[in-house]
Amino acid sequence: MAHFSQQQRDFVASLAGKALEHPAPMANTVPRFDLAPLTPPPEDESEGLQPVLPAADRHKRTDEPGAAVQEKPFWLAIEALAAADELANQTEAPTNGSNRGDEDLQVREHRRTESGFGDSASKLTWFDETAYRQPVASNTRTSEDARVTLHHDTPLAPPQQPLPFAKAPLPTLPRYVDHILKKFRSSYNNPPYGFEFCPVCDCQFTPELIEQVGDYIPLTCSHWVHYRCWLHHVSRSYPQHDSCPVCNERLFQWEGLTANMICARENIDMETSQLAGAGYIDQATKQPVNDEHDQYANDCAFIEGVLARFFDSEALRLLNARPNAPPLSVAHSLPPQNVATIYLTTELTRQQRIENEHPNPTDSSPNLTKVLIDSINYILNQNCPRSRLLSYESDLGSVLFAHLVWIKFERWLFENTWDIVRNTEGWWKFKEHGLRMQSKMTKMIFGSD
146 MAHFSQQQRD FVASLAGKAL EHPAPMANTV PRFDLAPLTP PPEDESEGLQ
196 PVLPAADRHK RTDEPGAAVQ EKPFWLAIEA LAAADELANQ TEAPTNGSNR
246 GDEDLQVREH RRTESGFGDS ASKLTWFDET AYRQPVASNT RTSEDARVTL
296 HHDTPLAPPQ QPLPFAKAPL PTLPRYVDHI LKKFRSSYNN PPYGFEFCPV
346 CDCQFTPELI EQVGDYIPLT CSHWVHYRCW LHHVSRSYPQ HDSCPVCNER
396 LFQWEGLTAN MICARENIDM ETSQLAGAGY IDQATKQPVN DEHDQYANDC
446 AFIEGVLARF FDSEALRLLN ARPNAPPLSV AHSLPPQNVA TIYLTTELTR
496 QQRIENEHPN PTDSSPNLTK VLIDSINYIL NQNCPRSRLL SYESDLGSVL
546 FAHLVWIKFE RWLFENTWDI VRNTEGWWKF KEHGLRMQSK MTKMIFGSD
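According to the working numbering, numbering within the sequence shown proceeds without interruption in unit steps and concludes at 594.
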């Protein structure tokens, strides 16, 4: 392990001396430093250093996502900082009989600032070595307290208290249910003393209730709940549906689409509520919308209508591509109000890219993959979905929505045009595209931590 040279220690000590002459206000959020702990401990002692948890997080398991862990002592950051910055090793030729130790302190401070020494410190003291310790956004209070920036009046030394590391982004609900909670499968149905009562149904755990309410599982906040009871809690429309029903700690990123998928898998209905204010008439379906269930039904009807119209456009392209065939206009196969829907809102550059990635089938069959992608792009451009039950924000939600449209298109093809597309090249390419989306979702849910 590299140690400070005497010249480097003189440089660090000079910075600490200036800070002690002009101490920072005690109200500053940057922690105070002490120069004494700069001496590194022996290597055999550093091997056994244990993580230090803040008081608020001491009840958490250290293997949980977001658990605060400090793997390295702060003096390692100081040493890495000095090794990374070339200023500590630079020397200059003496001028007028003076040497580096006689330089004016303000000049040395100016050079340290110009070399980016403070910027290096704010990056290296985070120890972002795992995906669970990403720095949080700068507009949050946690990042302001945790950021360590070397100012002119702040000495170089370890903080007196451990730095609070930023927690990991909240997982999506499918990843939380199918990947994170499954890590504790060995402890299912074996609650510790004091956790025998489910906080949702208020029933005491008994093996006989497993068939009705599912396994009795531990959440990542250490509270226990029946699995199906917890999903009923997730399906509710109140804002706390993403939190523990006991301690109210947020557990996952709630999205209507992912919650709808998990609850539908367990035959649990999502709770719907009336819309705030008066209802409205959906401009696409011309149907009244009074509650979230109406919104969901209108979104599904709009998606299926867009798929049908874009398939008609593809069929029209194939008819015009026949040899010696008279050109047909869109108005012959589609209602006049749908002409602008299909053609005027489509960008030529995007169309060219889609055609290059998904070329037309060689057997002159409909290019179903291109129809699907064009339909999804148009649906999103029309601010759909509007329903809370289909809302999403994560990357997984985006892929899941595209796969939902794929499923609706597959069902529509079975019901309306199966004799045309069956066993065609366009059909098999369409199926392969759906399998690729499934594979992508699987990696997002079960991928490595």
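Hints were generated in silico from the structure; no laboratory data involved. Heads up, some of the hints might be wrong.
Capping the alpha-carbon separation at 25 Å, the derived lysine-lysine pairs in BS3-like fashion look like this [to be verified]:
#1 K553 with K588
#2 K576 with K327
#3 K553 with K328
#4 K574 with K585
#5 K574 with K588
#6 K588 with K576
#7 K574 with K553
#8 K327 with K553
The structure displayed is predicted, hence computed values, not measured ones.
Results for each hint:
Distance hint between K553 and K588 is fulfilled; the C-alpha atoms sit about 23 Å from each other, no more than 25 Å. Taking the CA atoms of K576 and K327, the gap is near 30 Å; set against the 25 Å cutoff, the hint is violated. A C-alpha spacing of about 34 Å is found between K553 and K328, which places the hinted pair above 25 Å, so the restraint is violated. Pair hint K574 plus K585 holds up; C-alpha atoms about 17 Å apart against a cutoff of 25 Å.
Taken as a hint, the K574 and K588 pair is honoured in the structure, with Cα atoms around 21 Å apart against an allowance of 25 Å. Using a Cα cut-off of 25 Å, the hinted pair K588 and K576 holds, with the two alpha carbons roughly 19 Å apart. Of the pairs offered as hints, the one joining K574 and K553 holds, with about 17 Å between alpha carbons and a cut-off of 25 Å not exceeded. The straight-line distance between the Cα atoms of K327 and K553 is roughly 30 Å, outside the 25 Å bound, and the hint therefore fails.
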